[in-house]
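Protein chains: 4
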Amino acid sequence: MAKIGFVGLGNMGGPMAANLVKNGHEVHVFDLSEAAVQHAVEAGAVFADNAAHAAEGADFLITMLPAGVHVESVLVSGDGLLDKIGKDCLVIDSSTIDAASARSLNKAAADRGIEFVDAPVSGGTAGAAAGTLAFMVGGSDAAFAKAKPILDCMGQNIFHAGGAGAGQVAKACNNMLLAIHMAGTAEALNLGVNNGLDPAVLSEIMLKSSGRNWSLEVYNPVPGVQEGVPASRDYDGGFMTDLMCKDLGLAMDASQGSQSPVPMGSAARGLFNLHQSQGNGKLDFSSLYQLYRKKS
Amino acid sequence: MAKIGFVGLGNMGGPMAANLVKNGHEVHVFDLSEAAVQHAVEAGAVFADNAAHAAEGADFLITMLPAGVHVESVLVSGDGLLDKIGKDCLVIDSSTIDAASARSLNKAAADRGIEFVDAPVSGGTAGAAAGTLAFMVGGSDAAFAKAKPILDCMGQNIFHAGGAGAGQVAKACNNMLLAIHMAGTAEALNLGVNNGLDPAVLSEIMLKSSGRNWSLEVYNPVPGVQEGVPASRDYDGGFMTDLMCKDLGLAMDASQGSQSPVPMGSAARGLFNLHQSQGNGKLDFSSLYQLYRKKS
Amino acid sequence: MAKIGFVGLGNMGGPMAANLVKNGHEVHVFDLSEAAVQHAVEAGAVFADNAAHAAEGADFLITMLPAGVHVESVLVSGDGLLDKIGKDCLVIDSSTIDAASARSLNKAAADRGIEFVDAPVSGGTAGAAAGTLAFMVGGSDAAFAKAKPILDCMGQNIFHAGGAGAGQVAKACNNMLLAIHMAGTAEALNLGVNNGLDPAVLSEIMLKSSGRNWSLEVYNPVPGVQEGVPASRDYDGGFMTDLMCKDLGLAMDASQGSQSPVPMGSAARGLFNLHQSQGNGKLDFSSLYQLYRKKS
Amino acid sequence: MAKIGFVGLGNMGGPMAANLVKNGHEVHVFDLSEAAVQHAVEAGAVFADNAAHAAEGADFLITMLPAGVHVESVLVSGDGLLDKIGKDCLVIDSSTIDAASARSLNKAAADRGIEFVDAPVSGGTAGAAAGTLAFMVGGSDAAFAKAKPILDCMGQNIFHAGGAGAGQVAKACNNMLLAIHMAGTAEALNLGVNNGLDPAVLSEIMLKSSGRNWSLEVYNPVPGVQEGVPASRDYDGGFMTDLMCKDLGLAMDASQGSQSPVPMGSAARGLFNLHQSQGNGKLDFSSLYQLYRKKS
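Protein chains in written order, with our numbering: chain A, 1 to 296; chain B, 1001 to 1296; chain C, 2001 to 2296; chain D, 3001 to 3296.
Chain A on its own, in the form it takes in the complex (with noise of 0.2 Å):
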């Protein structure tokens, strides 16, 4: 079993640490918030009153923090964890940030000596609570090797992207296509209502045809269409539209360092921008569907 230092515990993180421990893992626990640490001693986590303490001889050390800014502030800055760790503790960061901070993180730790993979999630909390998580790697291939049985203890896709950067990469890349077909998706159904057809006829149709995918087949945008999607219970819960927006300027972060267009994912973008700004933030990001809706 290994010791595993674990920074950020919040909606992801602390059931992520909690499937550790349950794992058998001695996980050592550090959040900005009490209530969160105290929530995962609760789970059976160790106690560690500063990100250092929680770090200390670990084997793994693992963050999970909202943006670039705190894993640099966290593993680099000042008295960074990076120069407190061992060289053979293996740092895996699950945050989604920008692939160009996952490099320089990779290559801050490389430079120590120290192995590095960025290893961002989809799955949403549910899956961090039910380990069902899927975690998309950059890093070598030892890197990857040596954290795969940890990742396991989390979720159950573990892809090894490629090397560094290359997991937030993917992530990007994913999730750009999931907003371009979710917005086509919620495009092409108030198409069809809007000329009388039943939207679940249509997607019936679209289901067995070309237009299939993702959004259609497991998370329809129109209310009543599918059982158990946030689109028939008020957008609730699901992923919401705040953070497809984060996740859509982490693709124009890449396309912009790779000279890459992305039309597409820009008018996506687009549309999820003008839905957060019409107040729709904390909504499941396929209620981006009332955007498109006629008001009278």
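No lab work stands behind these hints: they were computed from the structure. Hints are not guaranteed to be accurate.
As the list claims (entries may be wrong) - Reference listing, derived: stretches of chain B covered by chain D, where coverage requires no fewer than 3 residues with Cβ under 8 Å from a Cβ of chain D:
{"#": "1", "segment": "1274-1280"}
{"#": "2", "segment": "1287-1294"}
As the list claims (entries may be wrong) - Here are some, though not all, of the chain D residues that point toward chain C, as calculated from beta-carbon distances under 8 Å:
{"#": "3", "residue": "VAL3046"}
{"#": "4", "residue": "PHE3047"}
{"#": "5", "residue": "ASP3049"}
{"#": "6", "residue": "SER3122"}
{"#": "7", "residue": "ALA3134"}
{"#": "8", "residue": "ILE3158"}
{"#": "9", "residue": "ASN3174"}
{"#": "10", "residue": "LEU3177"}
{"#": "11", "residue": "LEU3178"}
{"#": "12", "residue": "ILE3180"}
{"#": "13", "residue": "GLU3187"}
{"#": "14", "residue": "LEU3191"}
{"#": "15", "residue": "MET3206"}
{"#": "16", "residue": "MET3264"}
{"#": "17", "residue": "GLY3265"}
{"#": "18", "residue": "TYR3292"}
No residue lacks a Cβ here, since even glycine has one placed at the ideal position from N, Cα and C.
We have chain A; now place chains B, C and D onto it with these hints.
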């Protein structure tokens, strides 16, 4: 067995008529191209020297023509067939035309006591030959029920989309959504490739994640990732960019007529039109991936 | 002085006919609305009880109708006026319709030895009343030369855009470009405001810089920045969002017919359509700024 | 006369420093390129062998660098200049960087009791040489008042856009709007040309109509329509596509940071990025017109 008039024997209409013959129907065929008529006759159809003769005494009249103006010209204008066929002859228009024209043809037929369904297809020339087309049908329940056994001879999935014009609307929605996720898929894969990812690995990851869609599953636009797709034979065959541009124009018409916003479909249309303008109209539509690639 | 038949006396046609009367012409008027005819007669026009009577013996026939179908119905279908007027009667269609219909009307006229110009206007109801409209004219040099003195009675800038249909194309291009820079201006100002800038200061800076455009100069979309514009009277009056959506549809038609990519016009159309769907069709088109604003 | 430290002597910084010399100031210059320093010294500037020496005892410190990371590196990181200059030295950063970095530099300066303005320019290398640049300045009233006489030596229009970062925001807004109307102008003209119109005639019409904008007025993108513009010399010189892509990336950053929707700017960015990917990064940005043209 039914007596069927069939007008329009192009790349799609020819094999469709042949499949009706194979199923034992008496099919009287006409096309402006003598070669096309000859070809159908060789397949067992009955020669007609004009459209009126093909339709004479028919139980079903099927039209498979390039655009709304042609269908109106054959059925309505001057001495159109709607004034010549019997009231018990069901008209099936399998052309892909705008929904407004389909509705107006349906009304013109109804005014004469004739039943009409709009029944555009998807599945391409391969599906036409194999008899595995999908039909999206708009019209009354009675007309659909009557048309279905005939359509079954030519296709595999026969969808009743709704009332008059609904078949055309469903096809426009589906193909617009197809254009959107194909463009999105090309764009996401290019973003990954430009960031050093292997397109096959990224495709695999997104297929198992929320980016999944038909383009990624069965029609990967990156050469070498999937076997048997147009991308792996220089984008030859498949569904031409020109045809996608035509269908996206029909989606714009449907949106204009119903005051429906289609920003994603419009963005996709912009890209396919750029690609077409650059001389790629005859290539399969998945060649859009090439629009994104870096040139030195 | 000329004898002029004038069909279509709406918000634009009414004052245009009145200006012809003021310039000493004998104007025979018809409209389906009796009130509109009555109003024109009070302004000095001659009553006609149908379109054919208005056109009888005219030197010029002017049509000002909502859409292509109406113009075709009046001029061509059934007993259309083109078969009733003399060969020396010049037909001026000032309706805003699609270029393809304008070309086909021109051809229908030419087939009968009649000269035809498409001459859509810009300048709104205020320009129609003041006689300061701009006319964008498509047709032969001879037809343009003959039409010009008549158009001079109703407008200030009379442009010869080119041959048949060119007037409609020029208007579609201009209004598409207007939609693009209005949307862009609204978006840039909102971006500035959201970053703490004063919209008046930012407007002033961009007016003196390369961002300058007509929307910024004379039609600022932010309430309170400019006096006398729709934005400063709750977006009342001016050019309705509904009309901009109509014109953008015509631009899409022109693009489809000529296989021209219009990604920016399409993006603008998507936004105006969203704004229209949210119930703002009757507001001035500069109210698009409100689509961008943050709501709590 | 003031003592001025000047760091960054590229295509823009070189001539700007020279203009300060011409106005009688004592300008101490540094750049990583020795040739650039040499060139400035020949123009009358004082040689400095590093940035710290250039800034020593200066009344003003001006930086003109490629990106935010360079400015932060010179001013803040490690032994940055903010810790070396006197409290009465005003820092003027004329680099075009993201607004967030500008705000954070302003704060870093304020924390040390130093005044800072962000003052990006527009006007290109020609404007830099002629001393006719426009400066968009963000900072306090006092700092602006102090900076203005210095900026007057290098430019013609000195705008006070607002507080910290406002100069960068104003430039991002302006250049985004420029990109939008240039793309729109190219697109509208191409639509006209594809429909048989003469681009010079159509340009003239739109210039006198509501389509009017800076691109149409002084920077027509169609070869042969206007003299002296990049379009009439194979898109050589002017403002490179690469730089427009950089500025549009900064606009995306400003939009992300303030949760502002920028669908039109995003659409323009998509097009310029496609054009850049096709190998046209070094051409003037008005060459976007070529992206639209039909190829056989």
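- Item | chain C contact restraint for GLU3187 of chain D - C-beta distance below 8 Å | holds, 5 Å
- Message: Using the nearest Cβ pair, does LEU3178 of chain D come within less than 8 Å of chain C?
- Response: holds, 4 Å
- Message: Would the hint on VAL3046 of chain D be counted as holding, given a Cβ-Cβ threshold of 8 Å to chain C?
- Response: violated, 33 Å
- Query: Can ILE3158 of chain D be said to touch chain C, with a Cβ gap under 8 Å?
  - Reply: Hint violated; ILE3158 of chain D Cβ to chain C Cβ min 11 Å, cut 8 Å.
- Query: Counting residues of the segment 1274-1280 of chain B that have a beta-carbon nearer than 8 Å to any beta-carbon of chain D, does the count reach 3?
  - Reply: Contact hint for the segment 1274-1280 of chain B vs chain D: holds, 4 residues under 8 Å.
- chain C contact restraint on PHE3047 of chain D - CB to CB distance below 8 Å: violated, 35 Å
- Query: Does the nearest C-beta of chain C fall within a distance shorter than 8 Å of the C-beta of MET3264 of chain D?
  - Reply: Hint holds; MET3264 of chain D Cβ to chain C Cβ min 5 Å, cut 8 Å.
- Item | Agreement of hint ILE3180 of chain D with chain C interface, Cβ distance less than 8 Å | Status holds, d = 4 Å.
- Against chain C, is GLY3265 of chain D within 8 Å by beta-carbon distance? Hint holds; GLY3265 of chain D Cβ to chain C Cβ min 6 Å, cut 8 Å.
- Message: How does the segment 1287-1294 of chain B fare against chain D when you require at least three residues with a CB closer than 8 Å, holds or violated?
- Response: holds (count 4)
- Message: Just to be careful: measuring from the Cβ of TYR3292 of chain D to every Cβ in chain C, is the smallest value less than 8 Å?
- Response: At 6 Å from the nearest chain C Cβ, TYR3292 of chain D passes the 8 Å test, so the hint holds.
- Item | Hint validity - ASN3174 of chain D Cβ closer than 8 Å to any chain C Cβ | Nearest chain C Cβ about 4 Å off; hint holds.
Checked against the numbered hints listed earlier, the structure breaks hints 3, 4, 5 and 8; every other hint is satisfied.
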